[in-house]
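Novice: Residue-level listing of the chains:
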Amino acid sequence: MIAARGLGKRFGYRLVLESVNLKVNPGELVVLLGPNGAGKSTLLRILASLSRPTFGEVEVAGSRFPQQAAAARAQIGFLGHKPMLHEDLSARQNLIFYASLYGVKRPDARIKELLNLFDLDPRRHEPVRTFSRGMQQRLAVARAMLHRPKVLLLDEPHSGLDREAITILDGLLRDLAKKGTTILLATHDLQVAQRLAQRVEVLAAGRLAASWRRRQLASRQFPSLYDRALRRAQLGGQHA
Amino acid sequence: MIEPYGAHSLAANMPRASAYLAVVGAIVRKDLAVEWRSRQLLASMLVFALLVILIFNFALELDAATRSELSAGVLWATFAFAGTLGLNRSMAMENDSRALDGLLLAPVDRSAIYFGKALANVSFMLLVALFTLPVYSILYNVDLFNAGLLLVLVLGAWGYSAIGTLLAAMAMQARSREVLLPVLLFPLLLPVLIAAVRASGFFLEGLALAYIWPSLNLLIVYAVTMPALGYMFFDFIVEE
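Just so you know, the sequences run in chain order A and B.
Quick note on this note's numbering: the first sequence kicks off at 1 and runs consecutively.
Quick note on this note's numbering: the second sequence kicks off at 1001 and runs consecutively.
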């Protein structure tokens, strides 16, 4: 479970997030939709305990930040803009390293499973620096899922992936959500939201501007609803 | 598809101290593996150290007695300058692809990252010493294979790495970190360098332990207090 109450973040004089209240239940796949610069990455970094909020409270997987952040991190899988991989190491070496950080049981079997799933096994011994952007992204997704986290925080996970990898990732995320993993996925892409979300939270100008359930996303009016929510947020409106 | 079992975190499976040490060990192994594959850090430190030794050798044109007196100073000047190269590169590797975020997500107290990096850095310094001491010994005609000198080397290198790793983490985000690190580091390092030069010189001259103790004491104090500072402040330094 993810809960943020009155969350705010200020960088110098700039307020990047303002009083964000968000709850994602276990087994729920929520898409955080918003334009560039809306504060999506900042919110995800706070929820992953990589950044401290200026105000407000965070609770992830039953642990409050910052007091129980180390315990929470064991339950969090985070994928950011950058792959967080060591480019001189091979794909397998990177995953072995992260498996040892998280104390993954039977790491070899788990690593093989993920490398096969993301079609990286044939190149497992090659340095990551020789991988294409899409392959690095696939490996980064595997890294985020390596320790079987209860909470997944994914920032634009589809970026750089080809159609086949997108299909695998979508299937995997739906499957994980069905089995109880809490997923918060940030994107600016309306199609990703329509394809995957059980619920969409629109983040604009650092505020949650709208919240829609799955049935509302199927409507053809969804893009215009989204545009209106963004305009309202830019004018300083509150949650719809 | 992958089963989302509960996260098998270190915190859940092992006592906290073992989890902490496992992360420290994983980081040291990872840094050594990266270096084994890239050979960037050690190569630059080693070439730099050998150049400094050669330049001193040809620039000073000293007689045998003066050479022997200057040995300790030249050695530590060499290690100090080569060490800053290593510290900069060691933290830069974590900045690439935001690999540091991957470390910060580990489910343990973040001081484990500090100790892992500091131990890796001291290993690199000692490896450089291992290669440069024989060269120095031949060029300067000084017998450097002295148990006391080796003890000073280990204590001095650990004090150096302990404070250097902390400051390198501070300088990491700065655009001019190659300049910033030595500017921050050398004023704080002066007591270690003076004590190390004095203790090394006394050991090479074969003086009684009573003369050497004050310098050794200072090295021991640094070797204990600097890691303590790292333990207390590393989390604040790397936090966003």
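Treat the hints with care, since some could be wrong.
What the hints assert, rightly or not - Among the chain B residues that face chain A by a calculated CB cut under 7 Å, a handful are:
1) Ser1038
2) Arg1039
3) Ala1043
4) Gly1073
5) Ala1099
6) Gly1102
7) Leu1104
To be verified - Stretches of chain B that chain A covers, calculated by requiring three or more beta carbons in the stretch to come under 8 Å of a beta carbon on chain A:
8) 1090 to 1097
9) 1105 to 1115
10) 1127 to 1136
To be verified - In silico SDA-like pairs for lysine to any residue, Cα to Cα no more than 25 Å straight-line:
11) A:Lys178 <-> A:Leu190
12) A:Lys105 <-> B:Tyr1020
13) A:Lys82 <-> B:Asp1101
14) A:Lys23 <-> B:Ser1038
15) A:Lys105 <-> B:Ile1237
16) A:Lys105 <-> B:Gly1025
17) A:Lys105 <-> B:Arg1039
18) A:Lys105 <-> B:Arg1029
19) A:Lys82 <-> B:Ser1111
20) A:Lys82 <-> B:Phe1186
21) A:Lys82 <-> B:Leu1188
22) A:Lys82 <-> B:Ser1038
23) A:Lys179 <-> A:Ser211
24) A:Lys82 <-> B:Met1172
25) A:Lys112 <-> A:His158
26) A:Lys105 <-> B:Val1238
27) A:Lys82 <-> B:Asn1146
28) A:Lys105 <-> B:Met1172
29) A:Lys105 <-> B:Ser1018
30) A:Lys82 <-> B:Arg1016
31) A:Lys82 <-> B:Asp1109
32) A:Lys112 <-> B:Pro1182
33) A:Lys82 <-> B:Ser1018
34) A:Lys82 <-> A:Phe222
35) A:Lys105 <-> B:Glu1239
36) A:Lys82 <-> B:Arg1039
37) A:Lys23 <-> A:Pro66
38) A:Lys23 <-> A:Arg10
39) A:Lys112 <-> B:Gly1025
40) A:Lys105 <-> B:Leu1032
FYI, nobody ran anything at the bench for these hints, they're computed from the structure.
Every residue gets a Cβ at the ideal spot worked out from N, C-alpha and C, and that includes glycine.
Novice: Hint by hint, say whether it matches the structure.
Specialist: Now the hints, each set against the structure:
Hint status for serine 1038 of chain B: holds, given a least beta-carbon distance of 4 Å to chain A, under 7 Å. Proximity of arginine 1039 of chain B to chain A is violated relative to the hint, the smallest CB-CB distance being about 9 Å (cut-off 7 Å). At about 13 Å, the closest approach between the beta carbon of alanine 1043 of chain B and any beta carbon in chain A exceeds 7 Å, and the interface hint on this residue is violated. Annotation: glycine 1073 of chain B was flagged as interfacial toward chain A, and the flag is violated, the nearest CB pair being 36 Å apart, outside 7 Å.
Below 7 Å, beta-carbon pairs count as interface contacts, and alanine 1099 of chain B has one with chain A at about 5 Å; its hint therefore holds. A hinted interface residue such as glycine 1102 of chain B counts as satisfied when its beta carbon comes closer than 7 Å to some beta carbon of chain A; here the least separation is about 4 Å, so the hint holds. Proximity of leucine 1104 of chain B to chain A holds as hinted, the smallest CB-CB distance being about 6 Å (cut-off 7 Å). Counting residues of the segment 1090 to 1097 of chain B whose beta-carbon sits less than 8 Å from any beta-carbon of chain A gives 3, enough to reach three: the coverage restraint holds.
Coverage of a stretch by a chain is defined here by at least three residues with a beta carbon nearer than 8 Å to that chain's beta carbons; for the segment 1105 to 1115 of chain B and chain A the count is 5, and the condition holds. Remark: the segment 1127 to 1136 of chain B is not confirmed as covered by chain A, as 0 of its residues place a Cβ nearer than 8 Å to a Cβ of that chain, below the required three. Taken as a hint, the lysine 178 of chain A and leucine 190 of chain A pair is honoured in the structure, with Cα atoms around 22 Å apart against an allowance of 25 Å. For the proposed pair lysine 105 of chain A and tyrosine 1020 of chain B, the alpha carbon gap of about 17 Å is at most 25 Å, so the pair holds.
Our distance criterion of 25 Å between C-alpha atoms is met by lysine 82 of chain A and aspartate 1101 of chain B, whose separation comes to about 9 Å. Pair hint lysine 23 of chain A plus serine 1038 of chain B does not hold up; C-alpha atoms about 44 Å apart against a cutoff of 25 Å. About 32 Å separates the Cα atoms of lysine 105 of chain A and isoleucine 1237 of chain B, which puts this hinted pair outside 25 Å; it is violated. For the hint linking lysine 105 of chain A to glycine 1025 of chain B, the alpha-carbon distance of about 17 Å falls within 25 Å, and the restraint holds.
For the proposed pair lysine 105 of chain A and arginine 1039 of chain B, the alpha carbon gap of about 31 Å is over 25 Å, so the pair is violated. The suggested pairing of lysine 105 of chain A with arginine 1029 of chain B holds, with an alpha-carbon distance near 19 Å, which does not exceed 25 Å. With a C-alpha separation of about 23 Å, the suggested pair lysine 82 of chain A and serine 1111 of chain B falls inside the 25 Å cut-off, and the hint holds. For the hint pairing lysine 82 of chain A with phenylalanine 1186 of chain B, the CA-to-CA distance comes to about 33 Å; that exceeds 25 Å, so the pair is violated.
Annotation: proposed proximity of lysine 82 of chain A to leucine 1188 of chain B is violated, straight-line Cα distance about 34 Å (limit 25 Å). Restraint check for lysine 82 of chain A and serine 1038 of chain B: the C-alpha separation of about 21 Å stays at or below 25 Å, so the hint holds. Note on lysine 179 of chain A and serine 211 of chain A: the hinted pairing holds, with a Cα-Cα distance of about 24 Å set against a maximum of 25 Å. Between the alpha carbons of lysine 82 of chain A and methionine 1172 of chain B the distance comes to roughly 17 Å, so the proposed pair stays at or under 25 Å and holds.
Distance hint between lysine 112 of chain A and histidine 158 of chain A is fulfilled; the C-alpha atoms sit about 22 Å from each other, no more than 25 Å. As the CA atoms of lysine 105 of chain A and valine 1238 of chain B are separated by approximately 29 Å, the hinted pair breaks the 25 Å bound. Simply put, lysine 82 of chain A and asparagine 1146 of chain B have alpha-carbon atoms about 48 Å apart, too far for the 25 Å limit, and the pair is violated. The straight-line distance between the Cα atoms of lysine 105 of chain A and methionine 1172 of chain B is roughly 33 Å, outside the 25 Å bound, and the hint therefore fails.
Taking the CA atoms of lysine 105 of chain A and serine 1018 of chain B, the gap is about 15 Å. The hint holds against a cut of 25 Å. Distance hint between lysine 82 of chain A and arginine 1016 of chain B is unfulfilled; the C-alpha atoms sit about 30 Å from each other, more than 25 Å. The hinted pair formed by lysine 82 of chain A and aspartate 1109 of chain B meets the criterion: a straight-line CA distance of about 23 Å does not exceed 25 Å. Only pairs whose Cα atoms come within 25 Å are accepted, and lysine 112 of chain A paired with proline 1182 of chain B is rejected, the gap being roughly 44 Å.
Of the pairs offered as hints, the one joining lysine 82 of chain A and serine 1018 of chain B is violated, with about 30 Å between alpha carbons and a cut-off of 25 Å exceeded. Among the hinted pairs, lysine 82 of chain A with phenylalanine 222 of chain A is inconsistent with the structure: their alpha-carbon atoms are about 30 Å apart, more than 25 Å. Straight-line distance between C-alpha atoms of lysine 105 of chain A and glutamate 1239 of chain B comes to about 29 Å, which puts the hinted pair past the 25 Å bound. Only pairs whose Cα atoms come within 25 Å are accepted, and lysine 82 of chain A paired with arginine 1039 of chain B is accepted, the gap being roughly 24 Å.
Restraint check for lysine 23 of chain A and proline 66 of chain A: satisfied, since their Cα atoms lie roughly 18 Å apart, inside the 25 Å limit. Among the hinted pairs, lysine 23 of chain A with arginine 10 of chain A is consistent with the structure: their alpha-carbon atoms are about 21 Å apart, no more than 25 Å. The straight-line distance between the Cα atoms of lysine 112 of chain A and glycine 1025 of chain B is roughly 23 Å, inside the 25 Å bound, and the hint therefore holds. Distance hint between lysine 105 of chain A and leucine 1032 of chain B is fulfilled; the C-alpha atoms sit about 23 Å from each other, no more than 25 Å.
Comparing the model with each earlier hint shows violations of hints 2, 3, 4, 10, 14, 15, 17, 20, 21, 26, 27, 28, 30, 32, 33, 34 and 35; every other hint is respected.
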